[in-house]
Amino acid sequence: MVAVPDNQAAGASRARLLRLGAMALGLLLFIYVARSVGPQKLGETLVTGLTQGAMIALVALGYTMVYGVLKLINFAHSEVFMMGAYVGVFVLGAIGIANPLLSFVCTIVVAIIGSSLLGITVERIAYRPLRGRGRGALVRVTPLVTALGVSVLLQNAAQLFFSARYRSYPQLITGSMDIPGVGPVGKSRVIILVVAVLVMIGLELIVKKTWFGKAMRALSSNEEAARLMGVRTSWVISSTFALGSSLAAVGAVLFCIDQSSVYPTMGTAIGTRAFVAAVLGGIGSIPGAMLGGLLLGVLGELVKLSSYSGSIDAPVFVVLIAVLLVRPAGLLGSNRAEKV
Amino acid sequence: MRVNHPTRAKAVLPEGAPLLEIADVRVSYGGIKALKGISMKVMAGEVVAIIGANGAGKTTTLKMLARLLPVDSGTVRFRGEDVRDVPTEEIVARGMSLVPEGRAIFPNLTVRENLELGAYLHRDKVTMAETMADVVELFPRLGERMVQEGGTLSGGEQQMLAIGRAMMARPELLLLDEPSLGIAPKLAAQIFKAIRTIAKSGVTVVVVEQNTRMALGSSERAYVLRTGEVALEGVSAVLAEDPEIQKAYLGG
Ligand SMILES: Nc1ncnc2c1ncn2[C@@H]1O[C@H](COP(=O)(O)OP(=O)(O)O)[C@@H](O)[C@H]1O
Ligand SMILES: [Mg+2]
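From first to last, the protein sequence lines stand for chains A and B. Quick note, the first sequence lines up with residues 0 to 339 if you use numbering that gives the first Met the number 0. Quick note, the second sequence lines up with residues 0 to 251 if you use numbering that gives the first Met the number 0.
Hints may contain errors.
Claimed, not checked - For each label pair, taking beta carbons as the anchor points, the in silico distance ranges come out as:
hint	chain 1	residue 1	chain 2	residue 2	range
1	A	Leu100	B	Asn107	38 to 46 Å
2	B	Glu100	A	Val181	29 to 37 Å
3	B	Asn107	A	Thr271	47 to 55 Å
4	B	Glu100	A	Val36	55 to 63 Å
5	A	Val36	B	Asn107	58 to 66 Å
6	B	Leu180	A	Leu147	35 to 43 Å
7	B	Lys124	A	Thr141	56 to 64 Å
8	A	Ser310	B	Ala132	53 to 61 Å
9	A	Leu17	B	Lys124	43 to 51 Å
10	B	Lys124	A	Arg134	30 to 38 Å
11	B	Asn53	A	Thr141	52 to 60 Å
Honestly, the hints are just simulated from the structure, not real lab data. Don't be surprised by glycine CBs; every beta carbon is placed ideally from N, CA and C.
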């Protein structure tokens, strides 16, 4: 281990100061908002924000896991989300909502299957043939451009086959319930939050406890070393796409319960925010994607409370840039330099 | 150390046949020729050192053996089987493990998880617990640091982890790339002691070293590589007395 040179130590303490400053600023802002809107409204805002954030996090996880194993930003992920929503709308249309719970479960299961197959197929057809090809910067750039292409292709395919019209999701879950300290909250919100949290706990178990999870983390950390352990990389990559796409499918069905409309370009808005969440939390870090998603969700709702009326993406990006200036690797990202 | 518990039926190595045999192997990086036709033989149970200056092709040789690099021409036989087209993932299953240069542990996984990954192809809980106990006996420091992230270990401890992780696969042939590189002398001595213990338990060892004295002292035979070719080979104790070697690698 090498001793840290003085200038580096000084840089670290300055970074710590900046971090403290940012936290203080955030806290002040939060207190200001809290005082000006009152606790009731604030509680509601937080619940809505966490709900939004949980859905963003589910999609962000897909970006971050695929980045981990392939070092690729899978721009087609937002379209896997969109397709998941379409599968959901078709399943609900076919089976009806006589029994809401049953319909909900069926929709999620079929959407998971559909999205996983799509995710695996995209990887097989578009990304795998490029692996290990090309030299220098092209090793990274070519797959990135391909990913953009697949995204556009899937959007156009949806337009062609499903038409560009907005389809409305049937109201699966209606009514509201009283949460102590917060007041009445839409039942659908509560269900979304609960399902999303359960799914993330399940994911944590998969990643930490199963051999697949260990292999995925090993591959993200050092591909060559993972292969030396006997890890079959292409199997792990396919499985990672399947898992990420499944989470996007769950996110899509939950999103539709909340927003209730489905259209070919619906992936773009949430995809962008999910991607930002992944980078904010530290791309490649699974807890980072969860944290980033929740933060963005709450931040978005807080912004809506203020008098600011522009696009909510603008403040989101301001926060992203501010965080990256202080912590280039994101909130929970590894600061260890990437080996080349 | 318990070793050689094959997970699948392996071809039986005929009596007297080398465990590893490479002949006239050429490897290149793009246009750069790194190995210009090298031949080596390693018998089961031997400890063989590969020495040579920086850039001689030592790392390339080990990576080629672990099938991380494609072979341009020549033959590579392990346990009597042609393994030229066998992928890395499969060569591990056949009983060859590489401890790579620079250790290549998984820094954000815990020490325990690193070791578990070594047993990726040997998941039986009982076997795994046994092997892990052996590894901890070999490197007690690892036992004290099981829940720590690998990246928080010192360089020497990371090297122990890398070797322990490779041992978790219960290899028949262990390849080590510069296990003493960048490590305090005291820890390096400990690591070499552990390597001798591993060898005594019946594992065949091929060790690459820049520390020629240490390498010749702990091995039975050695190959000297020079710019991608085998310049010399022989019994380590004899090579250590060779005036040319003393001049070139042992500082006179
Ligand atoms: N990734 C690479 N790309 C191009 N040339 C390489 C690469 N790795 C090694 N070489 C070259 O191959 C030769 C052998 O390198 P290496 O096997 O690493 O030597 P050693 O381990 O003995 O120091 C050197 O000339 C080195 O410059
Ligand atoms: Mg080397």
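Each hint, compared with the structure:
no.: 1; hint: Leu100(A) with Asn107(B): 38 to 46 Å; verdict: holds, 39 Å
no.: 2; hint: Glu100(B) with Val181(A): 29 to 37 Å; verdict: violated, 57 Å
no.: 3; hint: Asn107(B) with Thr271(A): 47 to 55 Å; verdict: violated, 28 Å
no.: 4; hint: Glu100(B) with Val36(A): 55 to 63 Å; verdict: holds, 59 Å
no.: 5; hint: Val36(A) with Asn107(B): 58 to 66 Å; verdict: violated, 40 Å
no.: 6; hint: Leu180(B) with Leu147(A): 35 to 43 Å; verdict: holds, 42 Å
no.: 7; hint: Lys124(B) with Thr141(A): 56 to 64 Å; verdict: violated, 43 Å
no.: 8; hint: Ser310(A) with Ala132(B): 53 to 61 Å; verdict: holds, 59 Å
no.: 9; hint: Leu17(A) with Lys124(B): 43 to 51 Å; verdict: holds, 47 Å
no.: 10; hint: Lys124(B) with Arg134(A): 30 to 38 Å; verdict: violated, 45 Å
no.: 11; hint: Asn53(B) with Thr141(A): 52 to 60 Å; verdict: violated, 34 Å
Hint violations for this structure: numbers 2, 3, 5, 7, 10, 11, all remaining hints satisfied.
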